[in-house]
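Following the hints, position chain B against chain A.
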Amino acid sequence: AQSVTQLGSHVSVSEGALVLLRCNYSSSVPPYLFWYVQYPNQGLQLLLKYTTGATLVKGINGFEAEFKKSETSFHLTKPSAHMSDAAEYFCAVSESYSGYSTLTFGKGTMLLVSP
Amino acid sequence: GAGVSQSPRYKVAKRGQDVALRCDPISGHVSLFWYQQALGQGPEFLTYFQNEAQLDKSGLPSDRFFAERPEGSVSTLKIQRTQQEDSAVYLCASSLDQGVGTDTQYFGPGTRLTVL
Numbered sequence: 001a002q003s004v005t006q007l008g009s010h011v012s013v014s015e016g017a018l019v020l021l022r023c024n025y026s027s028s029v030p031p032y033l034f035w036y037v038q039y040p041n042q043g044l045q046l047l048l049k050y051t052t053g054a055t056l057v058k059g060i061n062g063f064e065a066e067f068k069k070s071e072t073s074f075h076l077t078k079p080s081a082h083m084s085d086a087a088e089y090f091c092a093v094s095e096s097y098s099g100y101s102t103l104t105f106g107k108g109t110m111l112l113v114s115p
Numbered sequence: 001g002a003g004v005s006q007s008p009r010y011k012v013a014k015r016g017q018d019v020a021l022r023c024d025p026i027s028g029h030v031s032l033f034w035y036q037q038a039l040g041q042g043p044e045f046l047t048y049f050q051n052e053a054q055l056d057k058s059g060l061p062s063d064r065f066f067a068e069r070p071e072g073s074v075s076t077l078k079i080q081r082t083q084q085e086d087s088a089v090y091l092c093a094s095s096l097d098q099g100v101g102t103d104t105q106y107f108g109p110g111t112r113l114t115v116l
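Chains as they are written, first to last, in this note's numbering: chain A, 1 to 115; chain B, 1 to 116.
Don't read these hints as lab results, they were simulated from the structure.
Just so we're clear, the structure is a prediction, and the values are computed from it rather than from any experiment.
Treat each hint with caution, since some may be false.
For each label pair, taking beta carbons as the anchor points, the in silico distance ranges come out as [unchecked claim]: (1) Gly16(A) - Val12(B): 35 to 43 Å; (2) Val74(B) - Ala17(A): 27 to 35 Å; (3) Asp97(B) - Pro40(A): 27 to 35 Å; (4) Glu71(B) - Thr77(A): 41 to 49 Å; (5) Asp97(B) - Met110(A): 26 to 34 Å; (6) Gln83(B) - Ser3(A): 25 to 33 Å; (7) Ser26(A) - Arg15(B): 32 to 40 Å; (8) Thr104(B) - Leu56(A): 39 to 47 Å; (9) Arg15(B) - Gly16(A): 42 to 50 Å; (10) Ser58(B) - Ser114(A): 36 to 44 Å; (11) Met110(A) - Lys78(B): 27 to 35 Å; (12) Gly16(A) - Lys14(B): 45 to 53 Å; (13) Glu71(B) - Leu56(A): 40 to 48 Å; (14) Ser26(A) - Val100(B): 17 to 25 Å.
For glycine and all other residues, C-beta sits at the position ideal for the given N, C-alpha and C.
So that you can see chain A by itself, here it is in the shape it has in the complex (with noise of 0.2 Å):
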């Protein structure tokens, strides 16, 4: 089975300062790799995610993350942070099985924007 670590429950940055939130995976076969973000009381909407090619992969809202097979990282980057950035982002791995596949996903980490 596939698992995905997200360190650090909560990360607190100031309005336009860097935006980092980590993921490492595990896994026995090339991932597909996922990020999604849940605004309070909402879904999950995706925000951007890897299958193959370019390992920089660019995103909605600004945000962008790269695969780095070597560190089985997948971490989550935007330049500046704004106030309506504050929300919870998960980070998921695709897990496949004969004919279809599921989304294995970390306990997330909740983003606090301040002014």
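The following block gives chain B in isolation, referenced to the frame of chain A:
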């Protein structure tokens, strides 16, 4: 709106009651997933449907949990004789294709179940 919808959004049940949670996926989506999200945790897989066929129910915590998708569209997650440990947010997601690993899963807003 063309997103995934779930009802009810909030459900309070007394211990021992049966509950039914509904999911309306995006029209035409083949795959439908249910996840359970406990407080402070990430979503955990419960069950997967491909059209009307339930291909995986390995994540269902006990035989008190039952899911169906009889016509390959709307799905219902039923929990019998609810227990306090069933309190969680139940998320439904759908994807266009047959669950290929690169597919994007689109999530509904969830149903928050509180068992007293």
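Okay, the hints, checked on the actual structure:
no. : hint                             : result
1   : Gly16(A) - Val12(B): 35 to 43 Å  : 42 Å, holds
2   : Val74(B) - Ala17(A): 27 to 35 Å  : 44 Å, violated
3   : Asp97(B) - Pro40(A): 27 to 35 Å  : 31 Å, holds
4   : Glu71(B) - Thr77(A): 41 to 49 Å  : 43 Å, holds
5   : Asp97(B) - Met110(A): 26 to 34 Å : 32 Å, holds
6   : Gln83(B) - Ser3(A): 25 to 33 Å   : 27 Å, holds
7   : Ser26(A) - Arg15(B): 32 to 40 Å  : 37 Å, holds
8   : Thr104(B) - Leu56(A): 39 to 47 Å : 19 Å, violated
9   : Arg15(B) - Gly16(A): 42 to 50 Å  : 48 Å, holds
10  : Ser58(B) - Ser114(A): 36 to 44 Å : 42 Å, holds
11  : Met110(A) - Lys78(B): 27 to 35 Å : 32 Å, holds
12  : Gly16(A) - Lys14(B): 45 to 53 Å  : 49 Å, holds
13  : Glu71(B) - Leu56(A): 40 to 48 Å  : 42 Å, holds
14  : Ser26(A) - Val100(B): 17 to 25 Å : 21 Å, holds
Checked against the numbered hints above, the structure violates hints 2 and 8; every other hint is satisfied.
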